[in-house]
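J.: Chains as they are written, first to last, in the numbering used here: chain A, 1 to 115; chain B, 1 to 113.
Hints are computed from structural coordinates only; laboratory data are not their basis. What you are looking at is a predicted structure, and each value in this text was computed from that prediction instead of being measured. Treat the hints with caution; some may be incorrect.
To be verified - Now the stretches of chain B that chain A is said to cover, found in silico as 3 or more residues with beta-carbon under 8 angstroms:
no.: 1; stretch: 17 to 29
no.: 2; stretch: 100 to 112
To be verified - Restricting the straight-line Cα-Cα distance to at most 27 angstroms, the calculated cross-link-like pairs of lysine-lysine (DSSO-like) are:
no.: 3; chain 1: B; residue 1: 68; chain 2: B; residue 2: 15
no.: 4; chain 1: B; residue 1: 15; chain 2: A; residue 2: 17
no.: 5; chain 1: B; residue 1: 57; chain 2: B; residue 2: 5
no.: 6; chain 1: B; residue 1: 68; chain 2: B; residue 2: 42
no.: 7; chain 1: A; residue 1: 44; chain 2: B; residue 2: 42
no.: 8; chain 1: B; residue 1: 15; chain 2: A; residue 2: 44
no.: 9; chain 1: A; residue 1: 17; chain 2: B; residue 2: 68
no.: 10; chain 1: A; residue 1: 38; chain 2: B; residue 2: 57
no.: 11; chain 1: B; residue 1: 5; chain 2: A; residue 2: 38
no.: 12; chain 1: A; residue 1: 38; chain 2: B; residue 2: 68
no.: 13; chain 1: B; residue 1: 112; chain 2: B; residue 2: 68
no.: 14; chain 1: B; residue 1: 71; chain 2: B; residue 2: 112
no.: 15; chain 1: B; residue 1: 68; chain 2: B; residue 2: 58
Virtual Cβ for every residue (Gly too), placed ideally from N, Cα, C.
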Amino acid sequence: DAMVIQNPRYQVTQFGKPVTLSCSQTLNHNVMYWYQQKSSQAPKLLFHYYDKDFNNEADTPDNFQSRRPNTSFCFLDIRSPGLGDAAMYLCATSRTGTGFNSPLHFGNGTRLTVT
Amino acid sequence: QQQVKQSPQSLIVQKGGISIINCAYENTAFDYFPWYQQFPGKGPALLIAIRPDVSEKKEGRFTISFNKSAKQFSLHIMDSQPGDSATYFCAATYNNAGNMLTFGGGTRLMVKP
Chain A
1 DAMVIQNPRY QVTQFGKPVT LSCSQTLNHN VMYWYQQKSS QAPKLLFHYY
51 DKDFNNEADT PDNFQSRRPN TSFCFLDIRS PGLGDAAMYL CATSRTGTGF
101 NSPLHFGNGT RLTVT
Chain B
1 QQQVKQSPQS LIVQKGGISI INCAYENTAF DYFPWYQQFP GKGPALLIAI
51 RPDVSEKKEG RFTISFNKSA KQFSLHIMDS QPGDSATYFC AATYNNAGNM
101 LTFGGGTRLM VKP
């Protein structure tokens, strides 16, 4: 089945220790997104790639970076995780933008714990 | 203008009952309104979606009702089942490349056996 795969499912890192989360997709979608979701909250968009074009949300901290080396893979790098960065990180894809003919497909997320 | 307000935050329904979740929006340019269902430990999954040119869309036990003049839309789950217990998010966007979804705050639904 075509899907969005996130690894690892659970990640524990130490305060200030860089961490990388990964996402791969078999849907061949043009757009890949990273969302942060804290407990009992809606997903919050951090940034997205439309093909190779990177689009950062205005309120995404500089501590968060992303790489998309090819169509299938996208990485989220947290340079110096703080306790407030503990959350579920969701990767999503869409064929073009988000719309009726281009819905979002989410992975099952990586739950990040910062100790 | 970009906000989507969702209510209630939590909902408890008996098995077989009707679950109703409401959303309201401000931006009249929105033209795509999806609902996502999220189970604990999983990513959100598209449940059903509607465009503003229709007032209702039904898929199985799930129905979206859309009121364009009131700028409101709602999800109705008929014959609610314990397996429907999840968090539901409404969302809205423009049906155009490059535009992002605006999510509502979510509703945690519990269906009691």
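J.: Given the hint that residue 112 of chain B pairs with residue 68 of chain B, does the C-alpha gap stay at or below 27 angstroms?
T.: violated (33 angstroms)
J.: Next pair to validate is residue 68 of chain B with residue 58 of chain B; report whether the Cα-Cα distance is within 27 angstroms.
T.: holds (17 angstroms)
J.: Starting from residue 15 of chain B, check that the Cα of residue 17 of chain A is at most 27 angstroms away, please.
T.: violated (47 angstroms)
J.: Decide if the proposed pair is consistent with the structure: residue 71 of chain B and residue 112 of chain B, CA atoms, cutoff 27 angstroms inclusive.
T.: violated (31 angstroms)
J.: Between residue 5 of chain B and residue 38 of chain A, does the CA-CA distance stay at or below 27 angstroms?
T.: Status holds; Cα separation ~18 angstroms.
J.: Keeping to a limit of 27 angstroms between CA atoms, is the pair of residue 15 of chain B and residue 44 of chain A held or broken?
T.: Violated, at about 32 angstroms.
J.: Are residue 57 of chain B and residue 5 of chain B close enough, with their CA atoms no more than 27 angstroms apart?
T.: holds (20 angstroms)
J.: According to a criterion of three or more residues whose C-beta lies within less than 8 angstroms of a C-beta of chain A, is the stretch 17 to 29 of chain B covered?
T.: The restraint on the stretch 17 to 29 of chain B is violated, since only 0 of its residues have a Cβ under 8 angstroms from chain A and three are required.
J.: Is the straight-line distance between the alpha-carbon of residue 68 of chain B and that of residue 15 of chain B 27 angstroms or less?
T.: violated (31 angstroms)
J.: Verify the proposed pairing of residue 44 of chain A with residue 42 of chain B, using a straight-line Cα cut of 27 angstroms.
T.: Cα-Cα ~16 angstroms, so holds.
J.: Going straight from one Cα to the other, do residue 17 of chain A and residue 68 of chain B come out at no more than 27 angstroms?
T.: Judged against 27 angstroms, a Cα distance of about 49 angstroms means the pair is violated.
J.: Under a C-beta cut-off of less than 8 angstroms, do 3 or more residues of the stretch 100 to 112 of chain B approach chain A closely enough to confirm the stated coverage?
T.: holds (count 7)
Checked against the numbered hints listed earlier, the structure breaks hints 1, 3, 4, 6, 8, 9, 10, 12, 13, 14; every other hint is satisfied.
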